[in-house]
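Peer 1: Here the protein sequences line up with chains A and B, keeping their order. Okay, so the first sequence: first residue is 4 according to my numbering, each after it adds one. Okay, so the second sequence: first residue is 4 according to my numbering, each after it adds one.
It cannot be assumed that every hint is accurate.
Identical chains share a label here; the pair holds if one copy fits it or two copies do between them.
[To be verified] In silico DSS-like pairs for lysine-lysine, Cα to Cα no more than 25 Å straight-line:
no. : residue 1 : residue 2
1   : Lys45     : Lys261
2   : Lys390    : Lys48
3   : Lys55     : Lys433
4   : Lys180    : Lys55
5   : Lys45     : Lys390
6   : Lys427    : Lys55
7   : Lys48     : Lys180
For the record, the hints were derived by calculation from the structure and aren't laboratory data.
Protein chains: 2
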Amino acid sequence: MRANRKMAQKKGWSFMDKGPQLNRMKELFNPGSVAVIGASDKPDKLGFHVMKSLTRGGYAGRIFPVNPGAGEIMGLRAFPSVSACNGCVDLAIVVVPANRAPDVFRECAAAGVKGIVLITAGFKEIDDPGGGRIHSEIAAIANDAGIPVIGPNTFGMINLLADLNASFTPEFSLVRKGSIALVSQSGGISHLLGFMAMRMDLGFRMIVGLGNRLNVDFAEMVAFLADDPDTRVIVLYIEGIDDAAAFVNAARNVMGRKPILAYKTGTGRVGDAASRSHTGSLAGRHAIYTASFAQAGILTMDTTETLLDAAKALSAAPLPAGPGVAVLSGQAGPSMAACDVCEAEGLDIIRFAPRTQETINRLLPPLALRTNPVDMGPAWYDAAAIKGIIQTVMDDGNVDGILLLMMFASANRDAVSGISGLLKSWRQRKPLISCIVSPPGIWDEAIRGLEASGALVNFPTPERAAQAMVNLWRFRKMRQEAPAAQ
Amino acid sequence: MRANRKMAQKKGWSFMDKGPQLNRMKELFNPGSVAVIGASDKPDKLGFHVMKSLTRGGYAGRIFPVNPGAGEIMGLRAFPSVSACNGCVDLAIVVVPANRAPDVFRECAAAGVKGIVLITAGFKEIDDPGGGRIHSEIAAIANDAGIPVIGPNTFGMINLLADLNASFTPEFSLVRKGSIALVSQSGGISHLLGFMAMRMDLGFRMIVGLGNRLNVDFAEMVAFLADDPDTRVIVLYIEGIDDAAAFVNAARNVMGRKPILAYKTGTGRVGDAASRSHTGSLAGRHAIYTASFAQAGILTMDTTETLLDAAKALSAAPLPAGPGVAVLSGQAGPSMAACDVCEAEGLDIIRFAPRTQETINRLLPPLALRTNPVDMGPAWYDAAAIKGIIQTVMDDGNVDGILLLMMFASANRDAVSGISGLLKSWRQRKPLISCIVSPPGIWDEAIRGLEASGALVNFPTPERAAQAMVNLWRFRKMRQEAPAAQ
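Looking at chain A on its own, in the form it has when it is part of the complex:
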């Protein structure tokens, strides 16, 4: 069975010339029409939820529900088979049982389908060798026909910019549109990150659940996203990779052009074993993974939260030119928490240029911390002083990035509106990462406005803000050190 799988992969479309491969990926993610093979109007069927995702997600192309037993599904005429759709189907979303997949794939190939999302589970991840045989069979059909396949054993994929929700979770359409592309080996982690993004108001460009990776693996996705003009940050959740060399090569080609962030689980004994049975891949050897990731310029992250925080910063902030950070804080404590993270992770809490320091000394009373970090607290009542401090630090050539930390107090309620104009007009000429926090509902709207205008990128704790700045610098540094070929 292992040999079978290897062979199927060798024949895979991913070894075709790069040009046509990328075109087929584009077609897969941007179909003019979609068929749901196994569409249903029964809420206990996945085919029901997929139809809901497509119809409610705002997809503008034609939708073909395919189900031989139905006349109409969700107000749309149903078709008995994909062949009956008269060659009009670009993308087929397949939710029929595993044993029917080979016939469906043959039909799709014959009908000129350009891409398949195979949601069905029960292939090589199960103990029954029959699952592996079907996997090989449909891989051969897809590869011969040059059809890229997302799945099997996946929730699907969502191209948010195209309003295409080809998944069994209609709620993914609630994720804001953005420039972060998520490619994940786990449906659970994809859902988690999607819901976290909703709660963080973070925008995604697409969400792709690779599942068992019939012929679209991390390597193919990275190559595709590297050239995708709408993708600014590539985010990967990895459990195990079959063809590590192909992946590392693909990543190396992107090195320095776009950040690739990877969160790989399975560091322990249990995760290792679970990954093997979960997606049928050879996981394990965590250290080997992270070493080759580093060589390929991939930034590894160690939690879902850090992963999204880094993606948020890299999608919305410029890169610092160097490791020199200024910490401006409305209160001393948060600045210490931020400085600890910066210093532990290779950023420098730099010394200000003499002119900057003179200005700050003029604007702050002697009872404040006036060197870096700067405790602006004693000047909270003086909007002009606060603005003067921020402005002089922005202009300081020693400063590569600014951390701005402000906690609400009743007496400083107007502090955010007082500096909004300055921050908006400056538009992060250097990265401006903030942790501005208030009781719910007081500053939230103002912060969203500042983020939307590109004035800053905000995080809920000083440590997470500092860590985001660290990750901006990690990417910049990696890019500096990348081979000249880039």
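Place chain B on chain A using the hints.
Peer 2: Same frame as chain A, but now just chain B:
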């Protein structure tokens, strides 16, 4: 100046017998009446915000605004001095300038005031030696009169259970009442943690900003909270401690009785220097701190987020009897992320008892992960199966704690309500830490209900849920290993 301070401390009321000291602390935090010395009706004065905190926070005792120039403040008759209040003042909140503090303190002592919150800044934290002199002067007055003082250089303190908001931030009254007591050396961090608590719906028993610690330091607070029946978890934010021995002794006395969690910043060069000037204490030597913390049974935390997560778990979950954890998940990926954290931090992903495993094998199809961790995904449509799995794992003697991870999908919308009855009736006979996440608004209310009923403690990511379980075990293990004298 150093010698002066030392002397003032040696004379301090904290060296009195334990009994009266604790009584005075009780009086400080539970006054029958409060005077605001420096009360104001001008929003640009701290005395305005303190008055707002007191009057809007629901405080039931009498409030005396003290301001010689005012007739009435916020509808309350103003008094020209604390002496004019006829000996009726239990607690004085002082917001007059530093140079007026000695006179005010003498008046308070003469008027029989039982406790002082000194919000004013500008004492020993400033470069001017005059600040240090005033500090010593008022310390002597307070110590001679046996008056415990919170501050100077603090936002104040909030006894949430008494509806007493003695701070310049009225919004602190929005924090839910609970059993976590926060004692902090930074106003900024206190505000941050308070706002985080509001957003996490976490309940606090009190929030105390120690400031420059005239005569109430961490040692006194820990001793008081150790005996406070309403405090279940003691949370400390520390920058530097003057009298480390007193603190360690106080903590050692609590060892194993109540968890003490400490987050100490100033690990780097900058934080060290900042701490010195910020609160006038000898910070630094981070390694020495953490070593003595460990010996005193204090659990050190490394971020504000981990600190609150651990406090949440310890305030609401029972302790695990051992390190054996079961991971039950609706999807495989999140369980791997959780297992990685557990394994790295000393928890065991145990093997189930044979009977448990047989039951699970009966309830799950072979295409699931059925040993620990358990991927319950394939049984999502079968509420009885899910309940059967959870029940058998609850009953397994090998299992000391359960991690329950569930991501929403359109098809499992009823999953939470399906298990609510079981979880509520079980009432965490072992710790049940969960990461149950949905798009905003779908499961949030149900999760809050489960938390309120004591059925589980929920966290927003699998890693944070696992880390909370780790911290429950850290406390239990420390307690087991604590000297028999406890």
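Peer 1: Take the hints in turn and mark each one as holding or not.
Peer 2: Cross-check of the supplied hints:
no., hint, result
1, Lys45 to Lys261, "neither (43 Å within a copy, 53 Å between copies)"
2, Lys390 to Lys48, "between (58 Å within a copy, 21 Å between copies)"
3, Lys55 to Lys433, "neither (43 Å within a copy, 40 Å between copies)"
4, Lys180 to Lys55, "within (19 Å within a copy, 42 Å between copies)"
5, Lys45 to Lys390, "between (60 Å within a copy, 24 Å between copies)"
6, Lys427 to Lys55, "neither (40 Å within a copy, 33 Å between copies)"
7, Lys48 to Lys180, "neither (28 Å within a copy, 44 Å between copies)"
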